[in-house]
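When you get a sec, could you build the whole thing from the sequences and use the hints?
Chains C and G, in that order, are what the protein sequence lines are. Everything in the first sequence is counted per full-length UniProt numbering, starting at 1 for the first residue and increasing by one. Everything in the second sequence is counted per full-length UniProt numbering, starting at 1 for the first residue and increasing by one.
The set of hints was computed from the structure by calculation and includes no laboratory data. Bear in mind the structure is a predicted one, so any value in this text is a computation, not a measurement. Do not take every clue at face value.
Computed spacing ranges between beta-carbons, pair by pair [unchecked claim]:
| id | chain 1 | residue 1 | chain 2 | residue 2 | range |
| --- | --- | --- | --- | --- | --- |
| 1 | C | GLU277 | G | ASP207 | 34 to 42 Å |
| 2 | C | LYS52 | G | PHE234 | 46 to 54 Å |
| 3 | C | GLU174 | G | PHE282 | 42 to 50 Å |
| 4 | G | GLN90 | C | ASN184 | 17 to 25 Å |
| 5 | G | GLU293 | C | GLY209 | 45 to 53 Å |
| 6 | G | PRO162 | C | GLU277 | 55 to 63 Å |
| 7 | G | GLU293 | C | THR17 | 53 to 61 Å |
| 8 | G | GLN206 | C | PRO218 | 25 to 33 Å |
| 9 | G | GLU280 | C | LYS170 | 33 to 41 Å |
| 10 | C | LEU12 | G | THR190 | 40 to 48 Å |
| 11 | G | ASN201 | C | SER114 | 44 to 52 Å |
| 12 | G | LYS52 | C | TYR155 | 46 to 54 Å |
| 13 | C | GLN276 | G | LYS278 | 27 to 35 Å |
Lysine-lysine pairs mimicking BS3-like chemistry, simulated, CA-CA at most 27 Å apart [stated by the list, open to error]:
| id | chain 1 | residue 1 | chain 2 | residue 2 |
| --- | --- | --- | --- | --- |
| 14 | C | LYS63 | C | LYS21 |
| 15 | C | LYS63 | G | LYS142 |
| 16 | G | LYS163 | C | LYS163 |
| 17 | C | LYS170 | C | LYS43 |
| 18 | G | LYS52 | C | LYS142 |
Backbone N, C-alpha and C define an ideal beta-carbon position, used for all residues, glycine too.
Protein chains: 2
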Amino acid sequence: MNTLDALNQAFLVYPQTLKQKPRVAYAGTRGSYGEEASLSYFKKDCQLFPFKTFEDVFIALNKGNIDYGVLPIENSSTGSIAAVYDLLSQYQYFIVGEQEIHARHCLLAPQGTSLASIEEVYSHPQGFSQSEEFLRDYPQWKCIPYYNTAIAAAYVAEQNNPKMAAIASKQAGEIYNLEILAENINFSQTNVTRFVIISRNIELFQDPGQVSIAFHLPHRPGALYEIIGIFSVFSLNLCKIESRPLLKENWEYLFFIDFTGNISQNTLTNLIPIIQEKVEYFQFLGYYPPYSENNDTAL
Amino acid sequence: MNTLDALNQAFLVYPQTLKQKPRVAYAGTRGSYGEEASLSYFKKDCQLFPFKTFEDVFIALNKGNIDYGVLPIENSSTGSIAAVYDLLSQYQYFIVGEQEIHARHCLLAPQGTSLASIEEVYSHPQGFSQSEEFLRDYPQWKCIPYYNTAIAAAYVAEQNNPKMAAIASKQAGEIYNLEILAENINFSQTNVTRFVIISRNIELFQDPGQVSIAFHLPHRPGALYEIIGIFSVFSLNLCKIESRPLLKENWEYLFFIDFTGNISQNTLTNLIPIIQEKVEYFQFLGYYPPYSENNDTAL
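Right, dumping it as structure tokens:
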């Protein structure tokens, strides 16, 4: 089924509601920011399945083992999470919602540890870069990168060695019974990570207001200008533009665009064919409610 | 001095040549791709200074300890290197050239090691993601992320343990006397990393043809469209657009644009004020010869 048919079919049952007790997958382990994003979006009413990598979440969706995946796509301090953009384009699944999480990092260590005994700190590389200013006061610490902040906390708890600490969330500290030696050590006090909720199918929840698409442009001057002009004609706001290299051709790019505005079924069915005509490849990624601190998601 | 004055002053001494025996800094250690990029660009006629982090290279430039820095800015398989974009905007230095390197990863281990004895593999996270398909055949191996591929190779050599291997360049294997157990294990056979050569000052070498700029847009619909329109009016080709979040404001972006075309001193001195008028913040990043496999750089 082509994009327009799939989208029009989804409009027939608009607005949809989330499944009851959905099976939700995230990358990480207990106490990770992925778990927090999943619980914030789906409330307590879901079954959580942690996976080791981002791609494992897509594979579980593909097998039909889960209903939704929850994946980080952008951090306000460190930028886009390229691997998730690539997987979205590879698997051709859909964004059905988004959730923001304030990542407040803590320095965690086995109970009774003092700052003076620490020699090694474990975290995700983003945990280190977001806590750079705090770490500058302890140049003697060896920072050892790990796959995930919560997995680093679990490892430090397991080792139970007063030379070792982790940078992870407060929740991770509580789950793994670690002592919180310092709180809110991220340098930007507005350190927010945006997660997307993905599904195998287009699902339109109440009040979608944001659209994500991806496309590959033909190689001629002005091609991007023409595309951006289309959004201007329809009075839509481009809120994000991201380019990712195509693997087959060096220095050719797949563009990812998010836009908002007064978007109706009519706008989309008019807009999409115009864009499709001007690009070499087009992918509709989703039409979903933008995150708002007060919204109660689709529940 | 403002951008236009600095640029016009640089045109007075165009074309410049590289300093004799320049002091060149890169991030990594002996055998790293940063060293290879430095040697490819500056040939043998330079003094090399390895530093641990990207920012250390900027700090050394700031102190006047070195003449040029060489930093990776983009990989054809895994995309932009966000930290380098952020440092370029923070330190306000200039791109004076670029160099591409084919990153051909090898699996390296202490002499006499067999594939069967390996339990742990050390590399930069990009080394793992670029060698993903090779690693899929060895799911029992534990992949441990490290700061740099060559530093991982040096560590494995130092440990001299047949359970340990590294993913790094062939050169790193030769330098640290490791056995090459598998060659060219990156999944994309065109795995290219683009490095930029940076300097404290604008330096214009023979035949510059590419311009890099950064800007922050006012918050109104159509702002990006207007900017891209300017390039269209001047018949310039946008070759790259990258957006990086501003730390102060969540979800506001600094845009980085590369463009090529028929660019003269006149084009630039006309173009820059038009762009400056339409943006809230403007930074000129450099006007430099685009990389070509046959060029001999500015030497």
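Against the structure, the hints:
no.: 1; hint: C:GLU277 - G:ASP207: 34 to 42 Å; verdict: holds, 38 Å
no.: 2; hint: C:LYS52 - G:PHE234: 46 to 54 Å; verdict: holds, 49 Å
no.: 3; hint: C:GLU174 - G:PHE282: 42 to 50 Å; verdict: holds, 47 Å
no.: 4; hint: G:GLN90 - C:ASN184: 17 to 25 Å; verdict: holds, 23 Å
no.: 5; hint: G:GLU293 - C:GLY209: 45 to 53 Å; verdict: holds, 47 Å
no.: 6; hint: G:PRO162 - C:GLU277: 55 to 63 Å; verdict: holds, 59 Å
no.: 7; hint: G:GLU293 - C:THR17: 53 to 61 Å; verdict: holds, 57 Å
no.: 8; hint: G:GLN206 - C:PRO218: 25 to 33 Å; verdict: holds, 32 Å
no.: 9; hint: G:GLU280 - C:LYS170: 33 to 41 Å; verdict: holds, 36 Å
no.: 10; hint: C:LEU12 - G:THR190: 40 to 48 Å; verdict: holds, 45 Å
no.: 11; hint: G:ASN201 - C:SER114: 44 to 52 Å; verdict: holds, 48 Å
no.: 12; hint: G:LYS52 - C:TYR155: 46 to 54 Å; verdict: violated, 24 Å
no.: 13; hint: C:GLN276 - G:LYS278: 27 to 35 Å; verdict: holds, 30 Å
no.: 14; hint: C:LYS63 - C:LYS21; verdict: holds, 19 Å
no.: 15; hint: C:LYS63 - G:LYS142; verdict: holds, 25 Å
no.: 16; hint: G:LYS163 - C:LYS163; verdict: holds, 25 Å
no.: 17; hint: C:LYS170 - C:LYS43; verdict: holds, 19 Å
no.: 18; hint: G:LYS52 - C:LYS142; verdict: holds, 13 Å
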